[in-house]
Amino acid sequence: MKMTNTQGVIKRLVLAVVATCSLFAMSGQSLAATAEDLDRDAAKALQLLYETNPTTVEIGKNAKAILVFPSVVKAGLVFGGSYGEGVLMKGDEVAGYYNSVSASWGWQAGAQSYSYVVFLMNDKAVSYLDSSEGWEIGVGPTVVVVDEGVAKNLSSTSLKDDAYAFIFDQKGLMASLSIEGTKITPIKR
15 MKMTNTQGVI
25 KRLVLAVVAT
35 CSLFAMSGQS
45 LAATAEDLDR
55 DAAKALQLLY
65 ETNPTTVEIG
75 KNAKAILVFP
85 SVVKAGLVFG
95 GSYGEGVLMK
105 GDEVAGYYNS
115 VSASWGWQAG
125 AQSYSYVVFL
135 MNDKAVSYLD
145 SSEGWEIGVG
155 PTVVVVDEGV
165 AKNLSSTSLK
175 DDAYAFIFDQ
185 KGLMASLSIE
195 GTKITPIKR
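Mind the numbering: the sequence shown is residues 15 to 203 in my numbering, read in order.
These aren't lab readings, by the way, just hints derived from the structure by calculation.
Careful, some of the hints might be misleading.
Unchecked claim - The list that follows gives simulated cross-link-like pairs (lysine-lysine, DSS-like), each with its CA atoms no further than 27 Å apart:
#1 K197 <-> K58
#2 K197 <-> K104
#3 K202 <-> K104
With the hints as constraints, model all of the structure from the sequences given.
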């Protein structure tokens, strides 16, 4: 029996979904970390950000809280997603643990890992994170995703938004990278 072109496309699409789901099932198991591992990895990631982007040191000093996701894995083949676990810091204290999850579909292929940090600049942003069952980036407090060009123009007097996110330490190959639509949810550790 000969397969039609439509059946072939559907078969390839199903195989792509199964492969992507398998990748995330395996990476989710390897990403599950203890509280101590997350604390250590978050501290290293934040230090790396401070070293590679000196502007963030001043932003960190002015932040009410800092969300650090030291390793987020993103993969996709038509359907894709990302997952990572992180730490919420209030001052020098760990205030909680969170995961970062996103899903997407469209023309995409590849896999990569990256780190990201969200500086929560005011009580409104911290309160929203503390009181919500999950924070979808793009809904709630205003989050500005900062690239190197924007970072050069930031200073303690120009910080007016609720939160600033920095993506860094990218490894792998993926056509695009965004945290828009990412859901951040509290987890137990």
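Outcome of the hint check:
Of the pairs offered as hints, the one joining K197 and K58 holds, with about 23 Å between alpha carbons and a cut-off of 27 Å not exceeded. Under the criterion of a C-alpha separation no larger than 27 Å, the hint pairing K197 with K104 is consistent with the structure, at around 20 Å. A C-alpha spacing of about 17 Å is found between K202 and K104, which places the hinted pair at or below 27 Å, so the restraint holds.
The structure is consistent with each of the numbered hints, conforming to all of them.
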